[in-house]
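Chains as they are written, first to last, in the working numbering: chain A, 5 to 341; chain B, 5 to 341; chain C, 5 to 341; chain D, 5 to 341.
Read the hints as simulated data drawn from the structure, not as lab findings. Model, not experiment: these values are computed from the prediction. Zero decoy hints are in this set.
Covered stretches of chain C (chain D as the covering partner; in silico rule of three or more C-beta atoms under 8 angstroms from a C-beta of chain D):
(1) 54 to 65
(2) 275 to 284
Taking lysine-lysine and the DSSO-like style, the derived pairs with C-alpha atoms no more than 27 angstroms apart in a straight line are:
(3) D:LYS119 x D:LYS84
(4) D:LYS208 x D:LYS116
(5) B:LYS116 x C:LYS294
(6) A:LYS119 x A:LYS84
(7) B:LYS208 x C:LYS294
(8) B:LYS294 x C:LYS208
(9) A:LYS109 x A:LYS94
(10) A:LYS294 x D:LYS119
(11) C:LYS119 x B:LYS294
(12) A:LYS208 x A:LYS84
(13) B:LYS119 x C:LYS294
(14) D:LYS116 x A:LYS294
(15) A:LYS116 x D:LYS294
(16) C:LYS116 x C:LYS208
(17) C:LYS116 x B:LYS294
(18) D:LYS294 x A:LYS119
(19) C:LYS119 x C:LYS94
(20) A:LYS208 x D:LYS294
(21) A:LYS294 x D:LYS208
Don't be surprised by glycine CBs; every beta carbon is placed ideally from N, CA and C.
There are 4 protein chains.
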Amino acid sequence: MIRVGIVGATGYGARELLRLLLAHPDAEVGAVTSESGAGQRLDELLPAFRGLIDLECRAFDAADLAERCDVVCISVPGAKSMAFGAALRKAGVRVVDLGPDFRLKDPALFAKYYKTEHTAPELLQEAVYGMIFQHREAIRTAQLVAVPGCYPLSAIAPLAPLLEHAIPTAPIVVDAISGISGAGRSLNDAFHFPEMNENLKAYKLAVHQHTPEIEQALDNRALVQFTAHVAPLTRGILTTITARLESIPSLRSVYACYEGEPFIRVLGEGVLPEAKYVRATNFCDFGWVKDDRTGNLIIVSAVDNLYGGTAGMAVQCLNLMFGLDECAGLVAGGMAP
Amino acid sequence: MIRVGIVGATGYGARELLRLLLAHPDAEVGAVTSESGAGQRLDELLPAFRGLIDLECRAFDAADLAERCDVVCISVPGAKSMAFGAALRKAGVRVVDLGPDFRLKDPALFAKYYKTEHTAPELLQEAVYGMIFQHREAIRTAQLVAVPGCYPLSAIAPLAPLLEHAIPTAPIVVDAISGISGAGRSLNDAFHFPEMNENLKAYKLAVHQHTPEIEQALDNRALVQFTAHVAPLTRGILTTITARLESIPSLRSVYACYEGEPFIRVLGEGVLPEAKYVRATNFCDFGWVKDDRTGNLIIVSAVDNLYGGTAGMAVQCLNLMFGLDECAGLVAGGMAP
Amino acid sequence: MIRVGIVGATGYGARELLRLLLAHPDAEVGAVTSESGAGQRLDELLPAFRGLIDLECRAFDAADLAERCDVVCISVPGAKSMAFGAALRKAGVRVVDLGPDFRLKDPALFAKYYKTEHTAPELLQEAVYGMIFQHREAIRTAQLVAVPGCYPLSAIAPLAPLLEHAIPTAPIVVDAISGISGAGRSLNDAFHFPEMNENLKAYKLAVHQHTPEIEQALDNRALVQFTAHVAPLTRGILTTITARLESIPSLRSVYACYEGEPFIRVLGEGVLPEAKYVRATNFCDFGWVKDDRTGNLIIVSAVDNLYGGTAGMAVQCLNLMFGLDECAGLVAGGMAP
Amino acid sequence: MIRVGIVGATGYGARELLRLLLAHPDAEVGAVTSESGAGQRLDELLPAFRGLIDLECRAFDAADLAERCDVVCISVPGAKSMAFGAALRKAGVRVVDLGPDFRLKDPALFAKYYKTEHTAPELLQEAVYGMIFQHREAIRTAQLVAVPGCYPLSAIAPLAPLLEHAIPTAPIVVDAISGISGAGRSLNDAFHFPEMNENLKAYKLAVHQHTPEIEQALDNRALVQFTAHVAPLTRGILTTITARLESIPSLRSVYACYEGEPFIRVLGEGVLPEAKYVRATNFCDFGWVKDDRTGNLIIVSAVDNLYGGTAGMAVQCLNLMFGLDECAGLVAGGMAP
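Given only the sequences and the hints, what does the whole structure look like? Please build it.
Printed below as a string of structure tokens:
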């Protein structure tokens with residue numbers, strides 16, 4: 005049994021991680037911290053776990069966590085995990101960060117997109133980006149894993165192999181739609197139920213922080229025009245990628261690399277994913293259409309932003325890091341309906 | 005590994021059952037049948053299971069199912085399972101019916117509420133009602149289990165122990181609200197998305213078929229005024245029970261019977277359940293308030309109609325029937341959000 | 005053109021009132037105040053009105069409003085309008101309060117249910133309760149109108165005539181389901197989109213402040229067991245009333261009083277309303293079922309909590325107060341879908 | 005009072021048109037036809053209009069409609085209105101078609117995208133495309149108006165003036181998200197509530213019939229890569245347009261053409277529309293961002309697909325055709341919430 009600590013236990017990513025760990029055959033929750041909830045029982049803060057977890061939220065203490073846990077997952081808002089991560093690494097415990105702080109290699113890009121200086125830039129090179137099909141071997145031995153963002157997963161999975169075989173002739177247009185849980189649990193006028201129900205909006209045009217993360221994971225082979233949208237659902241991301249390429253390679257060949265990849269389902273030409281088919285799963289599904297009239301390739305992908313796009317990737321990384329069955333605690337069909 | 009067959013594999017109850025069985029450590033899906041989908045791969049009919057189940061839907065054949073499976077679950081609309089159930093029992097295989105056909109002991113009540121004669125009345129006495137806290141021992145050896153309805157679970161769990169200690173002086177008012185998946189997958193003007201989104205309605209007043217099921221499970225100690233409502237969500241039932249009693253007993257004592265019951269969470273006085281805290285779980289949560297002004301007792305309960313209210317109960321019954329850990333494949337915290 | 009002022013212009017009731025006044029042939033918005041938005045253009049605060057209203061939000065000033073307006077509508081949270089109302093009455097302007105402060109005649113009941121002393125009890129007798137079919141004549145000349153609550157409308161419309169012809173033998177059970185806009189625009193963990201979407205909950209059992217309002221409007225002919233629920237929609241209330249009566253009178257006769265009532269639609273026996281059929285209208289629809297088995301009468305009613313349940317009633321009162329066509333600005337079919 | 009007939013009165017576009025005509029000061033509904041509902045009262049078919057419309061649905065009869073009405077609006081599914089339109093024109097009555105049959109000038113394009121031959125190609129040149137800012141004068145005297153599609157409005161409003169001042173260097177990417185009412189009232193597995201709630205999907209990639217409509221209205225100055233998505237809301241379209249241009253002109257100048265246009269709100273740079281701000285209105289709102297990093301221009305627009313995108317445009321056309329105030333029956337602020 006690996007003992008997993010969670011820093012920031014009441015956020016949405018952490019709640020999903022707790023849910024997965026409760027069902028995990030080889031992992032258990034060793035300790036949880038929460039700034040706002042320190043001293044309270046976790047199942048009072050999170051009634052969904054009533055009777056299931058007998059833990060009290062603690063204040064953050066790196067040494068204490070290092071003693072109680074084999075690995076610590078951090079799930080706090082952007083720009084808040086770098087301090088926790090640095091302290092935990094100093095205390096010698098392995099770290100999996102579900103937030104964005106250790107994803108970008110270039111601290112200047114971090115500063116530009118997150119509007120704050122990175123306080124632990126020395127860890128950026130050590131950190132392994134947790135995009136599993138790209139860095140599976142490095143994750144096994146990593147001391148610090150940066151779990152990818154949910155939007156980036158949906159873009160990188162189809163684009164990374166493609167750009168090894170094709171040259172874009174214009175920035176790749178990535179228009180993604182997300183459920184509201186992706187914005188986290190912090191209250192916000194925009195996401196008050198009556199404001200967001202029956203609403204649609206786009207946000208952070210041209211400045212979304214996932215743009216450099218996607219481009220970095222694509223080895224900067226393409227400029228990415230990433231536009232994020234929100235729609236009135238809780239979970240789910242659907243991403244539509246429109247690419248202009250010098251020529252479109254055989255996509256069956258391109259995506260042969262995913263044979264055996266346990267949580268990527270390549271649906272093929274003309275078969276499109278839907279958010280519901282990956283709901284409550286670790287899958288990233290994608291399919292595509294070639295438009296002969298325009299010459300464009302359009303790829304559509306789907307992930308569950310909280311499961312496959314956050315907590316499930318974290319569990320898969322944990323499994324790799326501790327030599328467990330990579331899929332332990334993760335096999336499940338989509339919850340539809 | 006017990007081999008479970010599913011008759012009617014594409015309905016909503018069956019989809020959830022498939023999802024649970026895929027994650028079950030000691031059970032596997034042995035065969036699936038579907039009237040409309042016979043001959044097609046199950047994961048083509050249900051893309052949520054792409055890559056996870058390698059089975060073809062068959063036409064119903066009782067002997068074949070009896071050979072391939074240790075137990076067969078039936079998940080078809082009301083009044084359609086009695087024929088399947090009778091054939092399967094004749095073929096000698098144990099049966100778990102997720103539908104209503106074997107719940108009522110009195111065929112006349114069945115005829116009245118389901119508007120059709122029962123075609124296998126001889127099985128009604130053999131059938132064990134799968135309300136686990138009431139019939140746990142009988143379920144272990146049952147050949148035919150009738151899984152309770154989702155609404156009934158939410159009413160019977162709080163009321164059954166109560167009515168052993170209290171005498172109602174008026175019909176008990178049970179007003180329940182359900183998500184739309186409770187109405188099944190059959191297309192219907194009323195449940196076309198634009199018709200039901202942003203809508204609320206009540207239906208089948210005074211004639212809802214779950215009324216006699218609830219009264220029977222309460223040993224007819226009370227008349228029940230059951231009114232069902234639908235609201236624009238997919239999953240979840242919230243049930244508000246208003247009872248006038250000769251006197252209100254100590255509810256802590258009344259509900260002490262649920263200590264150790266793995267999937268009933270008694271929240272206590274003034275603590276109310278919410279649908280989200282039981283979402284994607286097998287739990288039935290309930291709490292209550294006594295209104296000194298009116299003298300009424302008001303109890304509120306919550307279940308996930310597809311999981312705790314259908315497929316989860318079925319799995320719990322399967323576990324009991326085959327001597328497995330009663331909770332196998334079922335422990336999970338609520339998916340919130 | 006009557007000039008209408010609005011105090012608290014950014015709340016949900018006020019937004020709907022603004023929307024209705026913009027389309028009103030004989031009324032115009034004379035001035036708007038907002039505590040948080042003073043000094044800002046209204047259409048910057050409320051982008052739905054971009055280009056439609058050329059007004060700046062002011063700080064509250066009773067004398068100024070009395071000069072600029074023929075009548076002032078107050079739309080602020082409970083217990084906050086009594087001070088505004090008193091100041092405006094002192095300044096001599098007619099007042100329509102969309103909030104609850106002037107509804108209850110007994111300041112002790114106000115204190116009990118709103119947890120604060122009433123600061124203008126001398127106005128409670130002057131105030132006319134704006135339940136139009138009950139107080140139409142008094143409203144015409146009223147200086148201060150208290151617009152009824154949305155839940156109360158849905159209960160009082162069917163119950164008031166009934167209780168003139170029938171004697172209840174037990175408290176009347178009123179179980180109502182509301183959309184989230186009824187809870188107002190104040191941020192709240194419970195109504196953050198991912199918390200409330202796919203959720204159902206009951207709240208304020210036995211202590212809901214609309215209980216005494218309903219009972220008062222029924223001349224205390226019945227105790228009311230009012231339980232409020234919320235479901236994941238923005239607008240709409242569906243209310244189910246279960247009554248035990250000494251005997252059930254002819255309801256066609258009972259409700260004959262509503263012939264000619266422009267916004268009450270009596271659907272009749274066995275015909276049930278739905279929230280969608282009154283959406284974006286001023287209607288209150290209701291129908292009923294008699295359950296011979298239990299002896300109960302069950303009535304179901306529907307209103308749009310923001311239109312018919314708040315702003316539409318306010319406009320209808322304004323029309324009466326200023327001798328306009330009572331339906332001016334209000335005729336519209338339900339927005340379905 | 006102009007008398008308006010409606011062919012196909014129970015569809016979603018027609019319901020919204022009925023709702024608008026009921027509130028119109030200078031128009032009334034003269035007759036309604038419905039294939040499925042002939043012989044029934046309209047307000048029995050559409051309970052939202054109970055008590056508001058005293059009309060019976062008729063079977064279609066062009067001569068009868070021509071006698072009873074000054075103009076007939078057709079609101080039936082694609083490829084079904086051309087026969088009605090031809091018959092009505094032959095009967096000499098003016099026609100406003102809310103469907104797509106008379107929008108494309110080239111019958112070959114119609115056949116390609118609608119998979120059926122056009123049966124009244126001779127009317128295609130006579131038909132005036134009802135994009136008001138493009139064809140206002142022609143609409144005034146038109147005998148046959150083809151109301152634009154909802155998606156096309158959202159794309160053409162921002163793009164038409166732009167492409168008069170800028171040359172695209174790649175196909176323009178138009179990714180639009182729609183509520184489900186856009187798919188009409190026909191039952192469909194995909195839009196059963198539990199299938200579409202909490203879901204996101206893209207559809208008809210590369211073959212969507214609105215593609216040629218948009219390109220035609222842009223005088224074929226650009227290839228358009230149009231991808232349609234659906235999200236779980238009833239009403240609303242949000243469209244994100246990503247354009248690569250030889251150079252980006254001054255957009256303030258480009259859009260100066262919309263000064264005085266009553267239902268187009270140009271929000272400006274960095275100000276983005278939301279579906280809720282145009283809900284239940286005739287507005288098309290749009291704003292934009294220039295991405296210096298990629299060189300792209302990104303425009304986001306919003307319409308209510310049933311009001312501004314269908315029935316509202318139809319009413320605005322009717323107003324023009326009969327010399328009424330162009331905005332009659334149409335001024336309203338967005339219904340938010």
